[in-house]
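Read off the chains here:
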Amino acid sequence: MKRKVFGAAFLFATGLISSLAIAADIELKKGDHICLVGNALCERMQHHNYWESLLQQRYPELQLSVRNLGFPGDEPYERIRSENFGDPDKHLTHSKASVVMYFFGFNESFDGDAGLAKFSAEMKQLVQETKAKDFGKGVPQVVLVSPIAFESTEDPNLPDGKEHNARLAKYTQALANVAKETDTDFVDIFAPTLALFKKSEKRLTLNGAHLNDAGYAELAPILDAALFGEGGPSSVDTAVKVAVDDKSFHWWHRYRAVNGFSIYGARGKAGSDGTYNNTDVMERERTILDQMTANRDARIWAVASGKNIDSPIDDSNTLPFITPKTNVGGPNDPNAKRGKLGSLDYLTAEEQLKLFEMHDGFEIQLVASEEQFPELANPVALNFDNQGRLWVATMESYPHWQPKSKMDDKILIFEDTDQDGDADECKVFAGGLHQPTGFELGNGGAYIAEQPDILFMKDTDGDDVADTKVRKLFGFDTADSHHGIAAFEWGPGGNLYFEEGTFKYSQVESPYGLTRLSEAGIWKYHPKSEKFGVFANFAFANPWGHVFDRWGQDFIGDASPGNSYWAAPLSGRIDHPLKHPGGSQHRRIAKTTGGDPTYKFPTFYPKRTRPLAGCAMVSSRHFPPEMQGNFLVTNCIGDRTILNHEVTEDGSGFKGKEVAPLVSCKDGNFRPVDLQIAPDGSLYIVDWHNALIGHLQHNLREPNRDHSHGRIWRVKHKTRPLVKPAKIEGEPIADLLELLKVPEDRTRYRVKRELAARDTEQVLSSLKDWTANLDKADDNYTHHLLESLWMHQTHNVVNQELLETLLAAEDHRARAAATRVLSFWLDDIPNHRQLLEKCIADKHPRVRLEGVRAVSFLSGDEAIELALGVLENDVDDYTQFTLDETMRRLEQ
Amino acid sequence: MRYFAFFYLLTTIIAAPTWGQEHDHGAGDAASNLRKIEAPKVFLDKSPRIVAYQLKRLDNQRLLMVEREITDAKYIPVYEAILARVGMSPQFQLESINALAQLQDSDSVTVTMATIDKLDASNRDENRTARQLAKTLLGMIPEQLKSNAIVLRTAAQSDNKLASAIATAALLISGQTDTELDRLTADVSGQLAFLEAITLLPEATQRGKFRSRVVSLLESSKNNVLSNATIRALGFIPDEPADSFSRLAPLVSNDKLRAATVRTLLTIPVQEREAAASLAATSFLVDLAEKTPAEERTTASFIDAMQLADQLLAIVPSKQAKSFRKRLNAVTVRVIRIRTVEEEMRYDIPYFAVEAGKTVQIVLENQDLMPHNLVITVPEALKEVAQLGLQVGPNNGWKKLPYVPESDKVLHATAMVPADQQTTLTFTAPKTPGEYPYVCTFPQHWYRMYGVMVVVDDLDDWLKNPVEPANPIGSNRSFVQAWKVNDLKDELDSGIRGRSPEIGKRLFAEASCAGCHKMEGEGGAIGPELTDVYARWKGDRVGILREVLEPSHKVDAKYVMQRILTVDGRTVTGVLISEDNAKVTLLSNPEAKEPTVILQDDIEAMVPSSVSMMPKALMDQYTKDEVFEVLAYLESVGSPTKP
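In the order they appear, the protein sequences are chains P and D. Every position in the first sequence, counted from 1, becomes a number in my numbering once 1 is added. Heads up: the second sequence at position 642 corresponds to 636 in my numbering, and the numbers run straight through without jumps.
Treat the hints as calculated values from the structure; they're not laboratory data. In this text the structure is predicted, and so the values were computed from the model without any measurement. Beta carbons are placed, not taken as given, at the ideal position from N, Cα and C, and that holds for glycine. Wrong hints could be hidden among the right ones.
What the hints assert, rightly or not - Here are the computed lysine to aspartate or glutamate pairs in the DMTMM-like style, where the Cα-Cα straight-line distance is at most 25 Å:
| # | chain 1 | residue 1 | chain 2 | residue 2 |
| --- | --- | --- | --- | --- |
| 1 | D | K40 | P | D576 |
| 2 | D | K129 | D | D99 |
| 3 | D | K50 | P | E62 |
| 4 | D | K577 | P | E866 |
| 5 | P | K270 | D | D99 |
| 6 | D | K512 | D | E496 |
| 7 | D | K112 | P | D875 |
Said to hold, decoys possible - Some but not every residue of chain D turned toward chain P, in silico, with C-beta under 8 Å:
| # | residue |
| --- | --- |
| 8 | K40 |
| 9 | S41 |
| 10 | I44 |
| 11 | Y47 |
| 12 | K50 |
| 13 | R51 |
| 14 | S183 |
| 15 | Y616 |
| 16 | K618 |
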């Protein structure tokens, strides 16, 4: 079968693409293995299987196997991966590629004209090298696929795409030229998608750059025609797509297996039972997934050729699982000796309750347990929605879903209908998930970590069950399920922060360009502008805690070492492959990331016991005044307690001091992993409740890993009254703004989350009045102004006047917070240099430090000069670090 | 173990700190420092703290790229930074001294002395810089030093002991009356500074002038610190060796003074060692050897003591010598210590004797900045072994030893010893007497770096009546003079006139210049081509002479020797040919057929050396006329009009 196709006879408006006779000269043979390689455009096709469905419908007799090897952020020769993932050839060989389709050009295009020559040279080299190889089925056929156009969404928060499309056109042309020079097939989907976006009524992308489900449905016939000419199937056959979806699901969990570092990476050697280690056990599962994927290829061909089959797929031809022996118990169990192990004789919640020891004046009650709610298996994170209801993420399948089982980790909602603090009803907001290591609510739905993606799920009909599921952010690594995205936290200015642990090599695309991050850090994402990047590029182990204080200063808890850090010095800009030095994993990677390998960034209080699975700051009138501002830490191994620390200002930063713990429990299975102040001012704690705690210490398939227990506890003061929960959901904007005056940080947090989801114009209009009418005599006037500034930032609206007012505020905490806001607004504030100069010469060291931190987002000698100004005053260690790191960035 | 090895190497091998110097974090990874070299912008008009911070962030290469002029005081911090920086070549130190003298309305003595005083002598790198600056200071003319006597006298009182000693040395050179000397050495700290100053004086004749004062200090000393300093200073004074020997030999029995005493005694020529004192010392040392527990017999001071005992046996009457030898052999292996000489590409001893069939241990201490080994060959096989060694290269040698061929002509060989490290080689001497060469088989070194192990039937007889072996490469050249620029510069113009380039060309090859440098396209490539050297130096004959005699004075950036420390602990040195994000390509030696390629991922640190790969003293076996012949040849090729 051979066709000459003259696709894309479009004349691009700018004339950059000449009327090349772009001939896709694709000749498919029976049994071809088609591998898709490239960036997110490619990777996401396996979640929106329209094109492959058309392909299989068109050529059912050819028995084509399609394997998607895409990774967001991949470029021809830069594709960062976790340890020992394997190079591209390894995977092309594994899939015996006979046709390789390359999807490159989108990420590269951000380099503009300066990057064109490099892109062309690399693509040429890539094509030539690929054609010189044999992946098991002879010389592979190569197809170059152009990037798609950028959609003008008419959302003022997003780029309009004019500059993007001018660049993308040039990169498309470059690909066409490479194809011509190397006598390779090329298909232009840039011009047709540009036309498509113009005429489409529907929005076809998530953010201008990345197609949504409807977008992929529209792309499918375009790509089909460009590759094989007109005359393909007129529509997607749902039965075929169902079969392709099923195949893609199994392939996805094989190729993008979570826990890669414990499968093929260094920890594959761990978990040995004397015979089998993690690699043995888990590679077997990957082989089983390969076999199941192949079985599903056959099902696709059968369905596509018109056979009516509804029998389940027979997977009896797959290899058996390997079940390792347990390493728990026995006379020399090292985990028991070190006190890590709990007890395999699980106590009832009632028995466990008796084993708590409480801080003077406090009591504890059970909110929910697996006994009443079997869904509450392995709870890992909690949150409260704007109605005041408790939400919990569970990971029953932890540490890893097993093929052939139902994938069904969940997000739960607990209703306390009688308002007595314990749960009466449990609803499953979302099931069918895999390792939701963290989640956050907002914009009418839930952001849910499901590595390598962050999902956005929404209930559209009010039954508290999610109806839509969008892969909103993608390209995070899957090297380790317990280092997955966690500790979601809204910043006071509307950025969503979330954290990723070590061993991971992530590449995340956005409408503004690609961000790479290796070996841990904290990400930042603004849902309105879709701006995305790294907040703290620092070699944490697995940061599971992040909390902001009343004045927007934030603190980060690193789980495995139990270290707590003040975030400001760590959150200046530094780009991959460099990192700020001094994290617990720094020494191992310092050669690549820079800095003295022995340097340790200071914790803000001396760590006594590890780890730190979650943290919170006391801000609740239900707690006694002397505890306000205390930093609480969940310790689930060393002490099985809620550790308690006083925090005071110290120079530019803060220092903490451990005081009597809030809660401790003699039940070794008490595993507090997350905590949050509830709307009524009490404290809720998630108890993972498991005898085993380590990821590394046992085989991933250790039989004694628990998959059924989980508890939620509530800590109350015995005599102090609870706080009356604020009414937030659905309340008028003006009332919500008034709630920004309440003392509880978490209440204002939920109020801001509600306001963020409201119409920008209405919020800004009310906000203007609210701000103007604030009582200047109020002790908290400056803080109210700051809330107003943050609300502007949340809605992506710059207010220079208010910013300058706060930069000149009397309270240094307000000036520091305003400086942080300025660091996000540099592009929009023309006189930012003058403003920063003042910050850097401020009389308070924290403002100076924030100023230097902000300079890390600028560039050039002027920026260096600006940062150096901080040396006109004495500098403390935090400021020196921030200056050194800013200089390093400016010299990068 | 890896941990310690790593940090040992970091602190000892890396001369220039490659990461943050003050706070020790984040001044960039070592590799990227080398990768991107752009002229840095330093805000010299800002406050001193800012300027100091910026300058501190710059590595040597970038620091030298900072704009500087002797017309504006704002450049003072730049010159000060250069002057105090570890690993700067002397030309930039001199430039900075002169500039600071002008900018501060001062003089070079004051400037140099002030810089030395600010350096921390307890820091290895700063100590090195201070000593390098001391050489500059002490090389100034005595009148210049004398005119700054007040500055020097003040510095002699410094709490910085090294600075105090250097200032004292400068005073000694400038000329001191006895009264002034008395005043200088009025207290113990002054005396210690004076004694240390003796060791710093560049010329032996200068040191000799103070012998009587050192001797009287020795006689009057009442504390061990002072006594040891005196004994050490005597080792630097070649005058009246017999007297020194007689004074010091009895002190070997003093535990507190023995180490220094032995070291000084080893400097005294054998013929100056008085017999009775030698016998007494030998007797004591043999007893000592027997009393010393086995685990303490590997210390440096014990090895020194045994070296001395071994030498003294030549003086002791034969019968007693035989008995001592027997007793020594019963408790220790005979140790021969061989050191390499920094920057001169030679071993410190030209020959030594061993007794046929006896066990012997060689301790090779590499005090040079580049790696060396020691290979013992059968007689008359030096050149053949060296050339075979070159062929096997760094990776395929005998027992995996670099540049050591698998050949029956090789008897024993050490590993390649990195800079500042040592190795031992223990073996049984050949049964057949003869002259067995030893040689460094690192490419190109064999021309100069060799010696002879003389195997004899009766060691003590031979020691009594040693016979110098023949030169193992058949060279009939011997040491003429350690040529310095000042020895030749005044006669340069007349000396070069009327030479014939043919002779110069032959000498250029004989002195191994052509191994590394191209002339008209012929020759090695590890050093710069010299065809147009005369034009490049704009006819500056003194400058070219200095290049020949003091190769490290100024090193062309392209030919800076890079030292790479790999992740797995290897050290690779060579001249950088190219570098990209993936790999570094080095030419390790003049005869390497292929460049060495090292992946960036394998590199722990890469440090440029301030020292030239070219050995010093290349002309020391040549006469003044011959040096002029070579210079004339260099000139004749580049310039169309022959001299």
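Status of the Y47(D) interface restraint (C-beta, 8 Å, chain P) = This hint holds: Y47(D) lies near chain P, its Cβ roughly 6 Å from the closest one there, short of 8 Å.
Decide if the proposed pair is consistent with the structure: K129(D) and D99(D), CA atoms, cutoff 25 Å inclusive.
-> Between K129(D) and D99(D) the Cα gap is close to 23 Å, so the pair holds against 25 Å.
Evaluation of the interface hint that places S41(D) against chain P, nearest CB under 8 Å | For S41(D), the interface hint holds, since the closest Cβ of chain P sits about 6 Å away, which is under 8 Å.
For the hint on K40(D), just tell me whether its beta-carbon gets within less than 8 Å of chain P.
-> holds, 7 Å
Distance restraint between K270(P) and D99(D), which requires alpha-carbon spacing of 25 Å or less | violated, 69 Å
Minimum beta-carbon distance criterion (8 Å), R51(D) to chain P | Where the cut-off is 8 Å and the nearest Cβ of chain P is about 6 Å from R51(D), the hint holds.
Would you check whether K618(D) satisfies its interface hint, that is, whether its CB is within less than 8 Å of any CB in chain P?
-> violated, 51 Å
If you draw a straight line from the CA of K40(D) to the CA of D576(P), is it 25 Å or shorter?
-> Violated, at roughly 29 Å.
Verify the interface restraint on K50(D): the C-beta must sit less than 8 Å from at least one C-beta of chain P.
-> It is violated, given that the least Cβ distance between K50(D) and chain P is near 11 Å, above 8 Å.
Holds or violated: is there a CB of chain P closer than 8 Å to the CB of S183(D)?
-> violated, 36 Å
Hold the hint about Y616(D) up to the distance rule: shortest CB distance to chain P must be less than 8 Å.
-> Constraint on Y616(D) not satisfied, violated at 47 Å.
K577(D) and E866(P): Cα distance at most 25 Å?
-> At roughly 34 Å apart (the allowed maximum being 25 Å), E866(P) and K577(D) break the hint.
In summary, the numbered hints that this structure violates are 1, 3, 4, 5, 12, 14, 15 and 16.
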